[in-house]
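Q: If you're matching them up, the sequences are chains A and B in order. Each position in the first sequence, counted from 1, maps to that position plus 53 in my numbering. Each position in the second sequence, counted from 1, maps to that position plus 53 in my numbering.
Quick caveat, the hints were computed from the structure, so don't treat them as lab data. Glycine included, each C-beta is placed from N, C-alpha and C at the ideal position. Please note: incorrect hints may appear among the correct ones.
[What the hints assert, rightly or not] Quick list of simulated restraints, FRET-style, between CB atoms:
#1 R267/B <-> L358/A: 51 to 57 Å
#2 Y299/B <-> H108/A: 22 to 28 Å
#3 G111/A <-> Q321/B: 37 to 43 Å
#4 G91/A <-> A252/B: 41 to 47 Å
Next come the chains, spelled out residue by residue.
2 protein chains.
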Amino acid sequence: MAPAAFLLSESNPALIPLSLLVVFGSAKLMAEVFERLGQPGIVGQILAGILIGPHVLGWMAPNQVLTVLSDLGVMFLLFRVGLEVKSSELMKVGGTATVVATAGVVLPFFLGWGIMALWGAPGIEAIFTGAAMVATSVGITAEVLASKGLLTERASRIILGAAVIDDVLGLLVLGLVSSMARGSVNLLELFLTAAIALAFAIIVARWGSRAMVRVVPRVSPRLNVSEAEFTLALGLLFGLSLLAVYAGVAAIVGAFLAGMALSETVEQRVRDLSSGVTELLVPFFLAGLGLHLDLTVFANRGTVLLAVLILAAAIISKFIGCGLGALPLGRTDAIRVGVGMIPRGEVGMVVAQIGLGLGVIAQSVYGTIVFMSVATTLIAPPLLTWAYRGAAKRGEPAEEVIRIG
Amino acid sequence: MAPAAFLLSESNPALIPLSLLVVFGSAKLMAEVFERLGQPGIVGQILAGILIGPHVLGWMAPNQVLTVLSDLGVMFLLFRVGLEVKSSELMKVGGTATVVATAGVVLPFFLGWGIMALWGAPGIEAIFTGAAMVATSVGITAEVLASKGLLTERASRIILGAAVIDDVLGLLVLGLVSSMARGSVNLLELFLTAAIALAFAIIVARWGSRAMVRVVPRVSPRLNVSEAEFTLALGLLFGLSLLAVYAGVAAIVGAFLAGMALSETVEQRVRDLSSGVTELLVPFFLAGLGLHLDLTVFANRGTVLLAVLILAAAIISKFIGCGLGALPLGRTDAIRVGVGMIPRGEVGMVVAQIGLGLGVIAQSVYGTIVFMSVATTLIAPPLLTWAYRGAAKRGEPAEEVIRIG
Numbered sequence: 054m055a056p057a058a059f060l061l062s063e064s065n066p067a068l069i070p071l072s073l074l075v076v077f078g079s080a081k082l083m084a085e086v087f088e089r090l091g092q093p094g095i096v097g098q099i100l101a102g103i104l105i106g107p108h109v110l111g112w113m114a115p116n117q118v119l120t121v122l123s124d125l126g127v128m129f130l131l132f133r134v135g136l137e138v139k140s141s142e143l144m145k146v147g148g149t150a151t152v153v154a155t156a157g158v159v160l161p162f163f164l165g166w167g168i169m170a171l172w173g174a175p176g177i178e179a180i181f182t183g184a185a186m187v188a189t190s191v192g193i194t195a196e197v198l199a200s201k202g203l204l205t206e207r208a209s210r211i212i213l214g215a216a217v218i219d220d221v222l223g224l225l226v227l228g229l230v231s232s233m234a235r236g237s238v239n240l241l242e243l244f245l246t247a248a249i250a251l252a253f254a255i256i257v258a259r260w261g262s263r264a265m266v267r268v269v270p271r272v273s274p275r276l277n278v279s280e281a282e283f284t285l286a287l288g289l290l291f292g293l294s295l296l297a298v299y300a301g302v303a304a305i306v307g308a309f310l311a312g313m314a315l316s317e318t319v320e321q322r323v324r325d326l327s328s329g330v331t332e333l334l335v336p337f338f339l340a341g342l343g344l345h346l347d348l349t350v351f352a353n354r355g356t357v358l359l360a361v362l363i364l365a366a367a368i369i370s371k372f373i374g375c376g377l378g379a380l381p382l383g384r385t386d387a388i389r390v391g392v393g394m395i396p397r398g399e400v401g402m403v404v405a406q407i408g409l410g411l412g413v414i415a416q417s418v419y420g421t422i423v424f425m426s427v428a429t430t431l432i433a434p435p436l437l438t439w440a441y442r443g444a445a446k447r448g449e450p451a452e453e454v455i456r457i458g
Numbered sequence: 054m055a056p057a058a059f060l061l062s063e064s065n066p067a068l069i070p071l072s073l074l075v076v077f078g079s080a081k082l083m084a085e086v087f088e089r090l091g092q093p094g095i096v097g098q099i100l101a102g103i104l105i106g107p108h109v110l111g112w113m114a115p116n117q118v119l120t121v122l123s124d125l126g127v128m129f130l131l132f133r134v135g136l137e138v139k140s141s142e143l144m145k146v147g148g149t150a151t152v153v154a155t156a157g158v159v160l161p162f163f164l165g166w167g168i169m170a171l172w173g174a175p176g177i178e179a180i181f182t183g184a185a186m187v188a189t190s191v192g193i194t195a196e197v198l199a200s201k202g203l204l205t206e207r208a209s210r211i212i213l214g215a216a217v218i219d220d221v222l223g224l225l226v227l228g229l230v231s232s233m234a235r236g237s238v239n240l241l242e243l244f245l246t247a248a249i250a251l252a253f254a255i256i257v258a259r260w261g262s263r264a265m266v267r268v269v270p271r272v273s274p275r276l277n278v279s280e281a282e283f284t285l286a287l288g289l290l291f292g293l294s295l296l297a298v299y300a301g302v303a304a305i306v307g308a309f310l311a312g313m314a315l316s317e318t319v320e321q322r323v324r325d326l327s328s329g330v331t332e333l334l335v336p337f338f339l340a341g342l343g344l345h346l347d348l349t350v351f352a353n354r355g356t357v358l359l360a361v362l363i364l365a366a367a368i369i370s371k372f373i374g375c376g377l378g379a380l381p382l383g384r385t386d387a388i389r390v391g392v393g394m395i396p397r398g399e400v401g402m403v404v405a406q407i408g409l410g411l412g413v414i415a416q417s418v419y420g421t422i423v424f425m426s427v428a429t430t431l432i433a434p435p436l437l438t439w440a441y442r443g444a445a446k447r448g449e450p451a452e453e454v455i456r457i458g
């Protein structure tokens, strides 16, 4: 057996408690400050990550402990959100969600590509930047909507549905540009991959809930393990997250689908226990986004201009693309959907990192994309609060408020 | 910014969901099987780790994701246990606990040392093996007692108190043998370190609860963040865990003290949310122990004999040492305390790993110590069930059963 197994904790026994205290503590402190100022606590938590990160105070650098907690945190966040969404209601808005997702992928991709091409970037770098502007990070929007009890709004359902489809389309785009970078494009294989991912999502969304309503109430009372229903729920969560990765999409898509499949059957106890996990882990996801912001981008004036241009393009193209897709439902919903799809979060960063790994994008462009990802994420919560102000004013019942963030 | 930050998940996006599914799923499955057979579910979970581990099925090897989850799991387990323990009640048994801990350190140390010396091992290797037999892993015992609602028994309080003192003594022993291995012993420094650790534990145990009873009810209603009380509790948990590491003892000692400091003030909601975390993470701690078992030890007949000898010595010396310490309280409590202190769990493994790192113990002795650690951990739950059968039969009220495992 490799003695390396305990190395993580043995080499520095303070790493885990130190990371926990500094990141959780600063995130919650900033959340408290922001809420007192009437601002979204979620923005405070991302800013906390920037503040303690390598470029400002330098208290904390990204490390593997934080990566595990952040990945697990966003997985449970989407699971918890899924628990409040009935698949039948999501299916109702399926058509609109597809149009929203498609328009919200095409416009940012071509705008990003165009700007970089005009900027004089090599062809493949321009295409990769476009690809990094495609994928929406639904975690941030889900967090805001859940904490305000707005998940039942029609626009919220469209955003969640579109985010799932968006992930499949993002997979297609990333696969396409990655194979272009490697110099071998197999279109048949690409479309097959996307078809598998889409089939997975549709099958679970359509029949998962029906299956769980039959299985869970029969199986869980017969189990002897403690918290049988929660145990079954976690099993489904991990299983579908893994299947999602195998199907080519993000683990959080599986996590969301698992939550949705269980939304009509599990008891309040499962929601409470899941809340314990999200309360602990979500700050690591939020502050983790801020930790990755690279401020050295701003050492070069040219890159600053490019970063601002890319950021503006990322916001406008997603807002207009998705907003237009939802316009048939009226202006209010169009604005909500457009705003809700803006954050790129961790997804944009991962695409940029793959490009960096393939050697097709420069370090400065990488920094620009990370800046765009964090900035779109920071801008979304206040915009969402504004876009949904009607729903809040109408005082709609928000009994099932998920307390996260 | 180093792009390595996302590497863990990027290099293999399936690593996290795969580790989660395989470890959690197999642990819970084996727990279910064992409980149906009338055996402790906790043993099933450790065996699940052995079964899926590198030497049997080979489905899973220890990895950094599992290490983070396991470390966090045992931290929350001790925190959750601390929440059920009033410090005043622990203080009452302080004298007995000190005697129990001391006898339970001295006897295993000298017996382990003696066996290895007679076996013909080099002096420093013999001493290191003795040191690895010293520390009790309170996680396993705490799990069993908590899940059966037996934390209020007098013997249980003594075990928990002795485990904290045991950790301080273990620090002293490990520091001593490590500096012997390095060839420079500074006794003054060693005793200073132990004094700091002991002072930390005593101060928090004695005044922590009193401070929290005054602080928490005043501060938490004024906070705007969601789940304010749970947030404060997590802050204290992480803070004291970090202080414990800085004071030289294990993070879980700080976690236990944090729970105990909050035991008289927090509401049921905090216990429920913490239970969500332990339900998720404790299986990773338990199965993680099994994952580390090295069965190649048994390829050599000589090592098999040594392993059996060391195991027998580990069980008998702890049982007799701790049992004698608690004998003034009567035979029943003496047996309970003796049995409860047997498991070495992750603590023995960490000591062995340090010895391996210093180059003073052979790979075969390392394997022997890991075997002893896992075997003492497997043997404890059924012995505890037997030792506490009276308490169970008398049908004592176990209203606050912590549902873990």
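Q: Compare the structure with the hints numbered earlier in the document and write down the numbers of the violated ones, lowest to highest.
A: Of the numbered hints, all hold.
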